[in-house]
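K.L.:
Protein sequence lines, in the order shown, are assigned to chains A and B.
Residue numbering for the first sequence is 1 to 421, as defined by the working numbering.
Residue numbering for the second sequence is 1 to 421, as defined by the working numbering.
Everything labelled a hint here was simulated from the structure, so no lab data went into it.
Among the clues, some could well be false.
Copies of the same chain look alike in the list, so a pair counts if it works inside one copy or between any two.
[As the list claims (entries may be wrong)] For lysine-lysine, the following BS3-like pairs were computed, each having C-alpha atoms within a straight-line distance of at most 25 Å: (1) K371 with K160; (2) K284 with K371; (3) K360 with K160.
Protein chains: 2
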Amino acid sequence: MVERRKPIPINEAVERVMKFSFPGTVETVLLEECDDRYLADDLLADHDVPPFDRSPYDGFAIRAVDSVEASRENPVELEVVEEIGAGTVAKKRLQTGQATRIMTGAALPEGANAIVMLELVQERTEGSKKIIVIKRPFKQGDSVSFKGEDTEKGTALVSKGTRITPGVKALLATFGYNKVPVHKKPVVGIYATGTELLDIEEELSPGKIRNSNSYMIQSQIKKAGGEPILFGKLEDDFEVCFQSIKNAIEKVDFLITTGGVSVGDFDYLPAIYEKLGAEVLFNKVAMRPGSVTTVAQLDGKLLFGLSGNPSACFVGCELFVRPILKSFMGSIRMHLQKEQAVLQAEFPKPNPFTRLVRSKATMSDGRLSVKPTGLDKSGVVTSLAGANALMMLPGGTRGFQQGDNVHVLLLDEEGSPDTWE
Amino acid sequence: MVERRKPIPINEAVERVMKFSFPGTVETVLLEECDDRYLADDLLADHDVPPFDRSPYDGFAIRAVDSVEASRENPVELEVVEEIGAGTVAKKRLQTGQATRIMTGAALPEGANAIVMLELVQERTEGSKKIIVIKRPFKQGDSVSFKGEDTEKGTALVSKGTRITPGVKALLATFGYNKVPVHKKPVVGIYATGTELLDIEEELSPGKIRNSNSYMIQSQIKKAGGEPILFGKLEDDFEVCFQSIKNAIEKVDFLITTGGVSVGDFDYLPAIYEKLGAEVLFNKVAMRPGSVTTVAQLDGKLLFGLSGNPSACFVGCELFVRPILKSFMGSIRMHLQKEQAVLQAEFPKPNPFTRLVRSKATMSDGRLSVKPTGLDKSGVVTSLAGANALMMLPGGTRGFQQGDNVHVLLLDEEGSPDTWE
Numbered sequence: 001m002v003e004r005r006k007p008i009p010i011n012e013a014v015e016r017v018m019k020f021s022f023p024g025t026v027e028t029v030l031l032e033e034c035d036d037r038y039l040a041d042d043l044l045a046d047h048d049v050p051p052f053d054r055s056p057y058d059g060f061a062i063r064a065v066d067s068v069e070a071s072r073e074n075p076v077e078l079e080v081v082e083e084i085g086a087g088t089v090a091k092k093r094l095q096t097g098q099a100t101r102i103m104t105g106a107a108l109p110e111g112a113n114a115i116v117m118l119e120l121v122q123e124r125t126e127g128s129k130k131i132i133v134i135k136r137p138f139k140q141g142d143s144v145s146f147k148g149e150d151t152e153k154g155t156a157l158v159s160k161g162t163r164i165t166p167g168v169k170a171l172l173a174t175f176g177y178n179k180v181p182v183h184k185k186p187v188v189g190i191y192a193t194g195t196e197l198l199d200i201e202e203e204l205s206p207g208k209i210r211n212s213n214s215y216m217i218q219s220q221i222k223k224a225g226g227e228p229i230l231f232g233k234l235e236d237d238f239e240v241c242f243q244s245i246k247n248a249i250e251k252v253d254f255l256i257t258t259g260g261v262s263v264g265d266f267d268y269l270p271a272i273y274e275k276l277g278a279e280v281l282f283n284k285v286a287m288r289p290g291s292v293t294t295v296a297q298l299d300g301k302l303l304f305g306l307s308g309n310p311s312a313c314f315v316g317c318e319l320f321v322r323p324i325l326k327s328f329m330g331s332i333r334m335h336l337q338k339e340q341a342v343l344q345a346e347f348p349k350p351n352p353f354t355r356l357v358r359s360k361a362t363m364s365d366g367r368l369s370v371k372p373t374g375l376d377k378s379g380v381v382t383s384l385a386g387a388n389a390l391m392m393l394p395g396g397t398r399g400f401q402q403g404d405n406v407h408v409l410l411l412d413e414e415g416s417p418d419t420w421e
Numbered sequence: 001m002v003e004r005r006k007p008i009p010i011n012e013a014v015e016r017v018m019k020f021s022f023p024g025t026v027e028t029v030l031l032e033e034c035d036d037r038y039l040a041d042d043l044l045a046d047h048d049v050p051p052f053d054r055s056p057y058d059g060f061a062i063r064a065v066d067s068v069e070a071s072r073e074n075p076v077e078l079e080v081v082e083e084i085g086a087g088t089v090a091k092k093r094l095q096t097g098q099a100t101r102i103m104t105g106a107a108l109p110e111g112a113n114a115i116v117m118l119e120l121v122q123e124r125t126e127g128s129k130k131i132i133v134i135k136r137p138f139k140q141g142d143s144v145s146f147k148g149e150d151t152e153k154g155t156a157l158v159s160k161g162t163r164i165t166p167g168v169k170a171l172l173a174t175f176g177y178n179k180v181p182v183h184k185k186p187v188v189g190i191y192a193t194g195t196e197l198l199d200i201e202e203e204l205s206p207g208k209i210r211n212s213n214s215y216m217i218q219s220q221i222k223k224a225g226g227e228p229i230l231f232g233k234l235e236d237d238f239e240v241c242f243q244s245i246k247n248a249i250e251k252v253d254f255l256i257t258t259g260g261v262s263v264g265d266f267d268y269l270p271a272i273y274e275k276l277g278a279e280v281l282f283n284k285v286a287m288r289p290g291s292v293t294t295v296a297q298l299d300g301k302l303l304f305g306l307s308g309n310p311s312a313c314f315v316g317c318e319l320f321v322r323p324i325l326k327s328f329m330g331s332i333r334m335h336l337q338k339e340q341a342v343l344q345a346e347f348p349k350p351n352p353f354t355r356l357v358r359s360k361a362t363m364s365d366g367r368l369s370v371k372p373t374g375l376d377k378s379g380v381v382t383s384l385a386g387a388n389a390l391m392m393l394p395g396g397t398r399g400f401q402q403g404d405n406v407h408v409l410l411l412d413e414e415g416s417p418d419t420w421e
């Protein structure tokens, strides 16, 4: 007896999952360890930038008033009374007729209000006295980088929800964040089900295959920023599966199982969800592969029942697991980024379901093009290895030709706040 | 006295660095921990795929010869003698008039040579006997996935030098790689020089700024796959800098310093390289920012003298450090990926040097466009935080207009085997 399931569109399935999204608790991590996390608060400037009036060049700090009369015919001489590097502070207040040698980034001495670039003066010495000669007038403020002119203290520079890249980290350091507020990483448990599964180090034996899905998902979870726990594999035995899954739920923020969601005689997941008292959000999605992807919730905790087929498992994880993990981490770019690309292959046969084809998207002359990675027989095996995109071919009555504009979901991009139709 | 340095083109600078590239020693890591490393060997199929003749569907395994006479008018009845799930092996060899109930992925029983899909039979029982009724003939091999038809044992599926993505990891698991050969991660030491530098947790004081470069580079190194060591900061004191740098070189595969490479009075790096006996590969590059970027080699070990200016430091790290680290890790895609994009801003002023402008590249309708991230005053501070690309504007006598095609180096992409002009 084959159970009848009602397929729902991909979009609706994603929405049903995302209703259970909430950000993880906020924790602080050391600046050294915050890479690729998401800011849980706006990044604020804790000081003015520049933090003091400073010199943008190597040169001399002067009192503008001393240069008013200066010209080629009537050069003005100033005595250099001090030399200051970046990080040191002038000890002397400039008096009439004096200048200070100043390095890039150093603070102006008291009394100074203009900077003269090194190239614009002549230097000479008179005994132990250092003299500079100026041949044009300078105005108050000339070449000075004024305190706060770039950014005022308290300004929000980067919004919460932004991923911490090297550039963001530079800002965090600049503004004194030796500890950084971020959201907790989601802990994601992974169980593979199926009597046919072997551990990786086991020799192949008749009827058996190695458990590749767990490791693939582990990698997908890490890439999304989560903390995977490999719980191992389970035989097709209802009681064993039920107890193991029940126990695992306690230890994780999200639980993923692979296999057992179809309508075969050994597909126990539907019955396990029922016995757990979990609410099934959907058990059929109008897509290929992965149509049997099932998601349930138990007290608000999501249980993802992915297909045991590697490609379907991969797609289910990217489409449904990724966005909820990203949102748990506080990202504002939860979903795979959808772009338009020029198709470099033929799909003559129409398909009633939306297809998600493992593909390679490449740029050429500033335009994105895409072709499937599984074009030949061995592509069945390697198509996931070469894919950086999922081509999204809508279901319907027509095929697709070379040169058509199609949509692709990019697997390696930061992501998008919006879902896709 | 200002030292005269001869600028060389970016391309030539990269080439001079890459002459010292060599892959790190090979080590094996656990499958669980190999993410984002690069395969040090081709990934080989350790078995045929499929590993045995198997059923791609839920259905029944039969002997084709028993169905030869079957038709709508003359249905053939077969007795179901066994039921096998994936992972179990049939105990019974099929005899004349028999069939085996078989699940997706299970191995064909001996004697069987065709699969009949579940939907194509009628089932009934006679007492304890299970019977299926077939109304058409099947040929030998119908719906059988034959051993080795996708991939033969020994086939190289993924080439060495490929990054380990979730899809590659799935293949590694499938083919029994519980340990994975990869190249050692490069250990990269980072020293910031400059008396003006404060630690992150220190309060600002006159003339001082916080050491943001070390943390930014730490993040860039991690992103490139290396293992950064933060050695801290050094005052502008020749002897202290010399000894610290000399000691640090022993502990790392590459050493980066920031600051001290210009021609100011406190820029000690050139003299330190000289005292170390290091050969300077270049100390001036025809680019903005980062023209003072200096690279030296000591017994084949590279010493990167990056500018103390954060943007110049960032650019120097991406252009010169990144590719050598990638090559050390065994990647075949060492350099930043260069693409064409439509300029969304004006650069009316020509510049004699090639400019590398911190920019945001975005896709729209399948086309790449780009604009600088530092368009306003506070952009000076935040331009690195928002950048995912470096716009590469060649030096010369003309400016650039909105709508021009320009080149961009994409910071978040996997990279390219080729360098750029």
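K.L.:
State the violated hints by number, sorted upward, taking the hints as numbered earlier in the document.
P.N.:
Number 2 - this is the single hint that the structure violates.
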